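Visitor: Here are the chains, one letter per residue:
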Amino acid sequence: MEILYAIFIAPFVEMGAYPDLFIQALWDGFVAGTLYGLIALGFVLIFKASGVFNFSQPILVVLAALSLVSFYQMGVPAWISVILVLIMFYALAWLVERLILRQLVNQDGNILFMSTIGLTFIIIGAAQWIFGGVPSAMIVDELGFPNGSLEWPMFGGGVYFEMIDVSAAVIAVIMIVILAVFFSKTKIGRGLRAVADDHQAALSVGISLNQIWVIVWFVAGIVALVTGIFWGARSDVSFALQIIGFKALPVLIIGGFTSIQGAIIGGLIIGLGEKIFEIYWGPLLGSGVEGWFAYVIALVFLLYRPQGLFGDKLIERV
Amino acid sequence: MFYRETGQFKSKYREELAAFPLAEDKVGIAILLVIAYVFIPIFGIPGLSYEFTMGAIMIPVFIFTITTLGLNILLGFAGQISLGTGAFMGVGAYSCYKIMTIFPDLNIIICVILSGLVTAVVGMIFGLPSLKIKGFYLIVATLAAQFFLEWAFIRVAWLYNYNDSGGIEGTNKEMFGLIVSGPQSDALTRYFIVLTLLVLLTWLASNVIRGRIGRSWMMIRDMDIAAELIGVRPLTAKLSAFAFSSFYVGISGALMVFFWLGAAEVESFDVSHSFTYLFMVIIGGLGSITGSYMGAALVWVVPVLIKEIGKTVFGFDAFVMENFSIIFLGVAIVVILIVEPHGLARLWQITKQKLRLWPFPY
Amino acid sequence: MSENNSVLMEVKNINLRFGGVVAIQNVSFDIYEGEIRAIIGPNGAGKSSMLNVINGFYHPQEGEVWFNGEKRPSMEPYQIAKTGIARTFQNIALFKGMTTIENVMTGRQLKMNKNFFWQMLRYGPAIEEEVEHRRRCEEIIDFLEINHIRKTPVGALPYGLQKRVELARALAMDPKILLLDEPMAGMNVEEKQDMSRFIIDVNEEFGTTIALIEHDMAVVMDLADRVVVLDYGKLLADGTPTEVQSNQAVIDAYLGVPH
Amino acid sequence: MKKLFIGAIMTIGTFISTIGLSLADELLVPHMTYRVGPYAANGTMVANGFTDYFLMLNERDGGIGGVKVNPEECETGYKAQVGVECYESYRGKNALVHTPNSTGITLQILQKAPEDGVPILTMGYGLSAAAKGETFPWAFNYPASYWSQMTSILSYIDSQSGLKGKKIGFLYLDVGYGREPIPVLEELGPKMGFETLYVPVAGKEMQNQSSHWLTIRKEKPDWVIMWGWGAMNPTAIKEAAKTRFPLDRFIGNWWSGAHVDTEALGSKAKGYLASSYTTTGTSFPAIQDMIKYVVEPGKSKTKIDMPGKVLYNRAMFNAVLIAEAIMEAQKMTGKKMVTGADVRLGLENVKLDAARLKELGLEGFTAPLIGGCADHENGGSIFVQQWDGSDWIRQTDLIPPMTDVVQPLLTAAAAKYVSDKSGWQTQTCK
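Chains as they are written, first to last, in our numbering: chain A, 1 to 318; chain B, 1 to 362; chain C, 1 to 259; chain D, 1 to 430.
Fair warning: there could be bad hints in the mix.
[To be verified] Negatives, chain B to chain C, calculated, CB over 12 Å:
# : residue
1 : Phe103
2 : Asp186
3 : Leu204
4 : Met223
5 : Ile225
6 : Val335
[Stated by the list, open to error] Straight line, CA to CA, 30 Å or less: simulated DSS-like cross-link-like pairs of lysine-lysine:
# : chain 1 : residue 1 : chain 2 : residue 2
7 : D       : Lys303    : B       : Lys311
8 : C       : Lys176    : A       : Lys48
9 : D       : Lys220    : D       : Lys299
[What the hints assert, rightly or not] Among the chain A residues that face chain B by a calculated CB cut under 8 Å, a handful are:
#  : residue
10 : Val105
11 : Asn106
12 : Gln107
13 : Leu119
14 : Ala126
15 : Gly144
16 : Pro283
17 : Gly286
18 : Gly291
19 : Trp292
20 : Tyr295
21 : Val296
22 : Leu302
Hint data in this document are derived by calculation from the structure and do not stem from the laboratory.
Quantities reported herein were computed from a predicted structural model and do not represent experimental measurements.
Just so it is clear, CB atoms sit at the ideal spot from N, CA and C, and this is done for glycine as well.
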């Protein structure tokens, strides 16, 4: 009986008793969710356009944040550093296409996936070699993002909104809109979709597969940079950031591997779900359930809706 | 010239179904066994210190070969990708620890095998989603297993007997009056036990994959729909692959803790290890038993050698060499996938083909 | 060529839909024991879907399948395979990672049952079973004249040979009824002749009932005892090749239209 | 082509044959470091401080007792398994003492040490029970165990606001290291009348602590004690500030209060407390010598701004203790090339009293440390320091541990540790 009370009633009583805390939890879940969504977005872009499940997206986030900060520490002005990072990512996209993807055209999806694990290791080793392991603070102020926090007093407590989190949410939304428009309205975007649908067909209408791959990897790099800036601002810039990348996999399952909106909505479901669950139900299980709770949500989705919320249903043929 | 099948005719199917139909292969295996059982125990590896050879190379490589065999059964033969190998090794280790505390007098080898069986059951449970989902989606299911188990190894204090350290430790275990496990055991004793288990498990695995059950796994791997229409029940095939694979992985986990590390905590079973084992399978060769040996040896030994050579010959510091070996692993994966997606094993096979013809390249 | 006309299989009022798309609409026909039955029709007529219904890969929304004089309950494909239905596929569905002989051996899976324990030891009953079934597979391989590629991985084989290996695999199941989905698609004349000869040989020597889908009308008219014509998921005609050939609806819908 | 091939084989052969040959006439002090991996920021400082001290001794004094020291690094990436590999690689090489630099690695090699005859010094980490020298002859955790530290922190809190009726939040990294002090909290909670809120942070969630801090906000503890490491620390401090938790009621253990944790935050971390047993700053002559002989000439990887920082100085003290033990061992045995067993004796007889500290150029750097046979932790005292926005400032005098609480716990834990181990080697002390 007590157990039932603890599971079904007490958490809700608590939510009602401290509404400021509940709203804060929702906000934190929302911000975390947007950032999970951004990581997932990087996966989706590349998967959509090339069918490659790019395992190296999380390390790209780390690489972007680290090199941005390093350029700045070398004395380059903040916004010039951003441009330098973008140039670097373009070069990286080109190299990846030349040296890896081009050599693996028409290989099985699993093989491409594994090659991106290899790429992850190459980047980890090289970046650690170059940047060392010392963490640094993200240069948010220097980039001109608003500082401080908003306070909304209520019910004897208050809800705090960090300005940097607000910026993160706003920019994430803007990015989604731009990417959605890019994919549906521009020539390159439509080309990307054609490639995703059928490599051969895309080739036959004169779309260069190689070029497209470079572009999507570059765009995924931009997304990685944005993710890196905001997640770096939440803690600091170090290799430990890549661990958060594992959170993006359940997001993909929920949102579908090919849907841009799905990435964000999946991110929000995971972000909100795990925060609320951890705070109100976690103590029953000895806390620390966040690490796998996202995966459980994803598994439930998989069993009932294997294609994700926005994915296409597959009809099997023989 | 040295390696040819001409003139070796089989008059019975049974002979052709033997593990090594070619006489040269039989000789080769015999030589390898002699090296493993006689040469290395007596001489070690020339140029390396004996303790280092045993403790840092031979024993871990044999243990990881068992892991790789297990993962290869699942990934290479049954086509089900898993990133939960690390945690499944943990299941083996923790259950072996529990069995040892509950039955302190039980022979440790029996403990190890029982813990393999426990892992097989756990693997089967976490393999259930594979019936419904495929490919990349299965990665998520197995990662869920990985993270849930990691959490359980920390939260469920019963698993580590409420030790303050939160870890599990091996103690001295005797068998026929000889200490075979624990801090006082001799490396050579542990070497022989691990080696013997490896040989035995290799033999069992090669039997299973050449028979009915192994074929059903490969059918599922190559074309699951066709397999089902021919009469393979996906439930049985997939779950038996998960179980058999986890059995190996569990045994290797128990061996890792009680015949090599001596103690462990959850960190020895985390997701980064799952990746290492995946690399062993890919580099060695998907769907190849020989490849499992090659992959485990290469992925384990090369970084060790890189570090040693870098340190002693070039005087590079550990930091540089560590990063260098991380890069090396990454490059090795990419190159292998580009050059020969079937790994070292296939390259070896191609070499053998060439030897068959040598010195006449036609 | 069977004369006694006992019905081996009958499909009754099959309706199959995918979402809103109707694939098969109220189709019924039967297959006699020992005959060669052809299913023809233009692309998208529902022929392959029909085979998929027969061997249980698709579950029709309405309709019954009668086999061996009994109404078949709803079953999973692997259970249906056990009842003695084997098939080949339109787009070859061989196990690419395995050799020819291994692929043919997969056809014997259902007949093997020695447990894990013996399999692990590969000794005693397990090896005896393996040898016994291996013998039967080698016979089929001899019969289909593919001995020279026994140990070649099937992925490396030319198209025509792959089709033949697939036939061998289906035959290894010792089926009561053999479903062939476009066994001669993409073959040249010589290969078609070979394949036709094998189909007739199988039918005559093993007495296997055969249902096949084929586009090449000349082949169909030569091989088949009776022909079913489907068009847009509906049954258009059913009868002997000559009857069908002279059916006006068929001529309009299919034969008349250049294909 | 053939020549090239043979050449390559021969070169590889030479490489391999050089491996495993330990150079004679060097005191080998292996050092397990982690300059890579998620904890690299901390590991780099630790590795530098440790290595630089020995390099300085080599440069300034020509080593210890005239024999050069080889402080060889073995990179572990903070992974236990790699640590064991490191350990194995030193077998048969006459290593003098092992410094695993990780509680996880310590637990794995603890049982092997007696067999190999090489002591393990886990300064400020490792198994608390190793303080019992009679049960653990080969393990040392000078100058204090985690349990002693926890009681000192609790006395500090008691002196600030009283403990009775208070709620203490315990935020810890959810690994062996973070869980170590839980028995002390469980024992002392009822005795001293405080309630504990346990908030574990999984390694994967280190940088994602918003829900942990929401829990803290929900439960409203009066103080929060942190057992964190790596990126967990700055994230926690940031989240504390975000949830408006008063930072001067937030106290880290000695691994949660270093410059790497707070520098990037600057004034945002102002007020945050941490315990320590070593002083910061470069004003000590010994550190000046390190800068002069090693850092400035560029003989190590240390950047010029590293000496004086918390972790650098602390790792240096670790090296000081080892150097003293080696010297003591040389004195006791009369040999220059001592062995691991000799150094074990050296560690038990080390005498770092105020006079000796002054002689070493470390006056007031830390509490005096007198080695003992039965007591391998020296019941060390700690002090509390506070981040003022730009540096760590020492706030208190030395706070001794509650010996009466810790000792029985340690005895019981040591007994439990050996209870299921047959043939465990103990010693009796006079």
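Visitor: Each hint: holds or not?
Guide: Hint check results:
1. Phe103: Given that every Cβ of chain C is farther than 12 Å from that of Phe103(B), nearest at about 24 Å, it holds.
2. Asp186: holds (31 Å)
3. Leu204: violated (5 Å)
4. Met223: violated (5 Å)
5. Ile225: Per Cβ check, Ile225(B) is inside 12 Å of chain C; nearest 7 Å; violated.
6. Val335: holds (22 Å)
7. Lys303(D) to Lys311(B): It holds: about 22 Å lies between the C-alpha atoms, which stays within 30 Å.
8. Lys176(C) to Lys48(A): violated (46 Å)
9. Lys220(D) to Lys299(D): violated (50 Å)
10. Val105: The hint is violated - Val105(A) has no Cβ within 8 Å of chain B, the shortest such distance being about 11 Å.
11. Asn106: For Asn106(A), the interface hint is violated, since the closest Cβ of chain B sits about 11 Å away, which is over 8 Å.
12. Gln107: holds (7 Å)
13. Leu119: Result: holds, 7 Å to nearest chain B Cβ.
14. Ala126: Holds: closest Cβ of chain B sits about 6 Å from Ala126(A), inside 8 Å.
15. Gly144: violated (34 Å)
16. Pro283: Nearest chain B Cβ about 12 Å off; hint violated.
17. Gly286: holds (5 Å)
18. Gly291: holds (5 Å)
19. Trp292: Holds, about 4 Å.
20. Tyr295: holds (3 Å)
21. Val296: holds (7 Å)
22. Leu302: Constraint on Leu302(A) satisfied, holds at 5 Å.
Checked against the numbered hints above, the structure breaks hints 3, 4, 5, 8, 9, 10, 11, 15 and 16 and satisfies the rest.
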